[in-house]
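Given the sequences, and given the hints that come with them, work out the whole structure.
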Amino acid sequence: MTSLDMIHRSEAAVSVELQTPDMTLNIGPQHPSTHGVLRLVAKVDGERIQDVEPVIGYMHRGYEKLSEVRTYAQITALVNRIDWVSGFANEVPFIIGLEKLMGVEAPERAQWIRVILSELARISSHLVFMASYPLELGGTTPLMFALREREYILELIEEVTGGRFHPNFNRVGGVKPAYGGGSTTKKQSMDLPQGFFQRTSDAMDRMDTILDQLSELATGNEIIKMRTVDVGVIPGDKALEYGLTGPNLRASGVGYDLRKADPYLTYDQVEFDVPVGRDGDCYDRYMMRFLEIRESSKIVRQAIDKIPSGPLQAKVPRVLKAPAGQVYSRAENPKGEFGYFIVSEGGKMPYRLKIRSTSFSNLTILPWVLQGQLIPDLVAIMGSLDFVLGDVDR
Amino acid sequence: MEFFDGFWIQLVLKVAVGLLVILTGALVVIYAEVKIGGHMQTRIGPYYAGGRWGWAQPLADAAKFLQKEDLAPDGADRKVYGFAPYVVMMSALAVFAVIPMGPDLVGADLDVGVYFVLAISSISVLGVLMAGWSSGNKYSLIGGLRAAAQLIAYELPLVLAVVAVVIQASTMSLNGIVEAQNETLFTIGSFDVALPYIFRGQIVSFAIFMIAAVAELSRIPFDMPIAESELTMGYLTEYSGIRFTMFFLGEYASMIGLSAIAATMFLGGYSVPGLEGVSANLGGPIVLLLKVSVLVFVILWIRWTWPRLREDQLQHLAWRWLIPLALVNIAVIAVFKVAF
Numbered sequence: 001m002t003s004l005d006m007i008h009r010s011e012a013a014v015s016v017e018l019q020t021p022d023m024t025l026n027i028g029p030q031h032p033s034t035h036g037v038l039r040l041v042a043k044v045d046g047e048r049i050q051d052v053e054p055v056i057g058y059m060h061r062g063y064e065k066l067s068e069v070r071t072y073a074q075i076t077a078l079v080n081r082i083d084w085v086s087g088f089a090n091e092v093p094f095i096i097g098l099e100k101l102m103g104v105e106a107p108e109r110a111q112w113i114r115v116i117l118s119e120l121a122r123i124s125s126h127l128v129f130m131a132s133y134p135l136e137l138g139g140t141t142p143l144m145f146a147l148r149e150r151e152y153i154l155e156l157i158e159e160v161t162g163g164r165f166h167p168n169f170n171r172v173g174g175v176k177p178a179y180g181g182g183s184t185t186k187k188q189s190m191d192l193p194q195g196f197f198q199r200t201s202d203a204m205d206r207m208d209t210i211l212d213q214l215s216e217l218a219t220g221n222e223i224i225k226m227r228t229v230d231v232g233v234i235p236g237d238k239a240l241e242y243g244l245t246g247p248n249l250r251a252s253g254v255g256y257d258l259r260k261a262d263p264y265l266t267y268d269q270v271e272f273d274v275p276v277g278r279d280g281d282c283y284d285r286y287m288m289r290f291l292e293i294r295e296s297s298k299i300v301r302q303a304i305d306k307i308p309s310g311p312l313q314a315k316v317p318r319v320l321k322a323p324a325g326q327v328y329s330r331a332e333n334p335k336g337e338f339g340y341f342i343v344s345e346g347g348k349m350p351y352r353l354k355i356r357s358t359s360f361s362n363l364t365i366l367p368w369v370l371q372g373q374l375i376p377d378l379v380a381i382m383g384s385l386d387f388v389l390g391d392v393d394r
Numbered sequence: 001m002e003f004f005d006g007f008w009i010q011l012v013l014k015v016a017v018g019l020l021v022i023l024t025g026a027l028v029v030i031y032a033e034v035k036i037g038g039h040m041q042t043r044i045g046p047y048y049a050g051g052r053w054g055w056a057q058p059l060a061d062a063a064k065f066l067q068k069e070d071l072a073p074d075g076a077d078r079k080v081y082g083f084a085p086y087v088v089m090m091s092a093l094a095v096f097a098v099i100p101m102g103p104d105l106v107g108a109d110l111d112v113g114v115y116f117v118l119a120i121s122s123i124s125v126l127g128v129l130m131a132g133w134s135s136g137n138k139y140s141l142i143g144g145l146r147a148a149a150q151l152i153a154y155e156l157p158l159v160l161a162v163v164a165v166v167i168q169a170s171t172m173s174l175n176g177i178v179e180a181q182n183e184t185l186f187t188i189g190s191f192d193v194a195l196p197y198i199f200r201g202q203i204v205s206f207a208i209f210m211i212a213a214v215a216e217l218s219r220i221p222f223d224m225p226i227a228e229s230e231l232t233m234g235y236l237t238e239y240s241g242i243r244f245t246m247f248f249l250g251e252y253a254s255m256i257g258l259s260a261i262a263a264t265m266f267l268g269g270y271s272v273p274g275l276e277g278v279s280a281n282l283g284g285p286i287v288l289l290l291k292v293s294v295l296v297f298v299i300l301w302i303r304w305t306w307p308r309l310r311e312d313q314l315q316h317l318a319w320r321w322l323i324p325l326a327l328v329n330i331a332v333i334a335v336f337k338v339a340f
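Those protein sequence lines, which keep their order, are chains B and L.
Under the numbering used here, read the first sequence as residues 1 to 394, first letter to last.
Under the numbering used here, read the second sequence as residues 1 to 340, first letter to last.
These are computed hints drawn from the structure, not numbers from a lab.
Derived list of chain L stretches under chain B, where covered just means 3 residues or more per stretch with a C-beta under 8 Å from a C-beta of chain B: (1) 38-44; (2) 219-226; (3) 229-242; (4) 304-318.
Values in this document were obtained by computation on a predicted structure and should not be read as measured data.
Here a beta-carbon is modelled for each residue, glycine too, at the ideal position from N, C-alpha and C.
Written out as C-alpha cells, the structure reads:
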C-alpha cells in the first residue's frame with residue numbers, strides 16, 4: 001500500500017497536507033519574450049516564482065577579444081552590433097574615448113551631428129520598446145504604430161550614414177557621410193544630404209503626433225496600467241546597488257543622466273529635462289521612455305538650430321596609432337550608461353578593450369526583482385527593463 | 001417528400017448541413033480576423049492567396065496544416081492527447097443544435113435549451129485541460145490549469161446573466177426567448193413595435209454576458225491560457241497538424257456559437273418586426289447572421305485593441321464586479337417582472 005492510498009483511506013485525510021513540489025520551469029533560450037536568447041531557470045510554485053537564475057552567454061560573440069586584433073577604424077564597425085537597436089549610440093563613447101586618447105578633437109559641426117544622430121538612435125530604440133512592451137502584455141497593435149514611426153527615423157539615419165542599423169559613421173576626429181550624399185561633386189558630398197534638417201524637424205513634429213496616438217492606445221490604457229502599476233517595484237537604493245542606469249534607474253527616482261552629470265559632445269549647450277520617475281514600477285519605466293522621446297526630439301530641434309557650418313573632419317594622421325595609455329569613456333545610451341575602457345600600448349590596435357554594456361548591468365537585478373512574482377509579471381518586468389541580448393553577451 | 005421525413009435521414013441532413021455551414025463560417029471568421037486585424041494595424045493583411053484580397057488565405061492555411069506531421073511528444077499521454085481536440089470541437093459544434101435560425105429552423109427545440117447551451121459550452125474547458133495535462137509540457141500544463149481557473153471566474157457571471165433573461169422570458173427554450181422578444185410591446189399608429197431584450201432593461205446582462213463570453217473563448221483580454229508572450233502557446237504548445245487545426249476551428253466556431261446565443265437572447269435572434277410565417281423562415285438565418293457578424297466584429301475589435309489581463313485580475317473582475325452586478329441585475333429584473 002503506497003502512502004498516497006493511506007492518505008485516501010484514512011479518516012484524517014482532510015488534515016493531511018499534500019506535498020506540492022516546486023516545478024522547475026525553463027524559460028528560454030527559445031521563448032517569445034526573452035528578447036533573444038536569454039534563459040531563465042525558474043523555480044515556480046504554481047505560478048509564483050520562488051527563485052530565478054538567468055543563464056546568459058548564448059549570444060557571446062567575443063567582441064572584446066576580437067577588438068584586440070582589429071585596427072581602431074575597424075572596431076567602430078564591431079561596436080555597432082553590440083546593442084543593435086541603437087547602433088549609432090554605441091559608437092559615440094568609443095570614438096570619444098579614442099579621440100581623448102589620441103588627443104584629437106572633432107570639429108564642432110561633427111559633434112552636433114553626433115548629438116543629432118545619438119538622439120535619433122535613442123528615439124528609435126525607445127520606439128522599439130514602445131512597440132514590444134505592449135506586445136509582451138498581449139496588445140499587438142501598438143507594435144505596428146511604433147515600428148512604422150521608427151522606420152521614418154531609420155530612414156533619416158540611413159540617409160546620412162548609409163546604414164539603417166549599423167551606421168559605422170564615426171571616424172576619429174569627425175564623421176564621414178556616406179558616399180553620394182548631398183551633391184555629385186566631391187567637395188559638397190562631404191556634408192550632410194540636402195534637406196536633411198528639414199526632414200528631421202518634420203519627423204520630430206510627426207513624432208509628437210504619434211506619441212499622442214500611442215498614449216491613447218497604450219499608455220493611458222486601463223489594462224496596461226493594471227498590468228504595470230506597482231509591478232516589479234525597484235526602489236532607488238536597490239537600483240543603485242545593482243548598477244542600474246538609464247531609464248531604469250531614473251524610473252526609481254534617481255535623476256542620474258550622463259548628459260547632465262558628465263556632459264560630453266555638445267550636450268551642455270542644449271536645454272532639456274531629465275524625466276524622473278517616482279515608484280520604480282513597470283509603469284514608471286514605461287513612462288520614462290515615453291517622456292524621453294519628447295525630450296530627445298527637443299534636443300534634435302535645438303541642435304538643428306544651433307549647428308554651425310564647417311568641416312566634418314579634423315586633421316588626423318593617415319595611419320591611426322594611439323599612444324600608450326588608457327582611457328575610460330562613457331555616454332548616456334538609450335538603455336543607460338555605456339562605457340569603453342581602452343588600453344593602448346601604442347600601435348594600431350588596442351591592447352585591451354573592456355566594454356561596459358548597459359543591458360548586462362541592468363539584467364543583474366532580475367533574480368532580486370523576480371523573486372515572488374507571478375509568471376505574467378515576469379514577462380512584464382523583463383520587458384520593462386528593456387535589455388537587448390546582444391548587449392548582454394557582447 | 002416521404003424520403004425526408006425519416007428520423008435518421010433528417011438527422012444526417014441536419015448534421016451535414018450544420019457542419020458545412022459552421023465550418024465555413026469559422027473559416028470566414030478567420031479570414032475576417034486576419035483582414036480586419038490587418039487594417040486595424042495599418043497593414044493590409046493577406047493579399048495573394050486566391051488572387052483577390054487574399055480570400056483563399058484560410059483555405060490555404062487549412063491545407064498547410066493538413067500536410068503537417070501530427071506530432072506527439074514522448075512524454076505525452078497519447079490517448080488523452082489525441083482525444084482532447086475532439087472534445088473542444090464537439091462542444092463548439094453541439095451548441096448550434098439548439099440555436100433557432102427561424103421559427104421552424106432549429107436543430108432541436110429543447111425546453112431547457114439555455115441550460116443545454118451553458119452545459120455543453122463549458123465542456124470545452126475539459127478538452128483544454130486534457131490537452132494541457134497530457135502534453136507532457138510544463139507550459140501546456142500551466143495553460144490548461146489557467147483555463148480551468150478561468151472557468152471559475154467567467155462561468156458564474158455567464159449563468160447569472162442568462163438567468164436574468166430567463167426570468168424575463170419565463171422560459172428556458174431559446175425559441176421561446178426569441179418569441180417573447182417578438183411580442184408586440186406597444187403600437188404606434190398601426191405599426192406594432194417589438195423590442196429585443198437589450199432595449200428592454202437587459203443591457204447590463206448583455207454586457208456581462210459578452211465579457212464572460214470573451215473569457216470563455218480565451219480571447220484577448222482574457223487569453224491567459226494561451227498567452228503567447230508568457231507560455232509560448234499555452235495548452236496548444238505541442239499540437240500540430242490536424243489536431244491544432246481542430247482547436248483553431250473550434251475556437252472560431254465557438255466564437256460564432258456564443259455570438260449566436262447572445263444574439264438570440266439579447267438581440268432578438270432571427271426575428272425582425274414585420275417578418276412572419278414563411279418569410280421569417282427564409283429571412284431568419286440572414287437576420288441572425290447579420291446580428292452574429294456584429295457581435296463577432298466586436299470580439300475581433302477587442303482583440304486587436306487591448307492587452308491581456310492577469311489571471312488573478314480576471315478573478316478580481318469577475319468576483320468583485322461582475323457577479324455582484326449580475327445578482328443586483330437579477331433582483332431588479334425580477335422585481336420589474338413581478339411588479340409589471
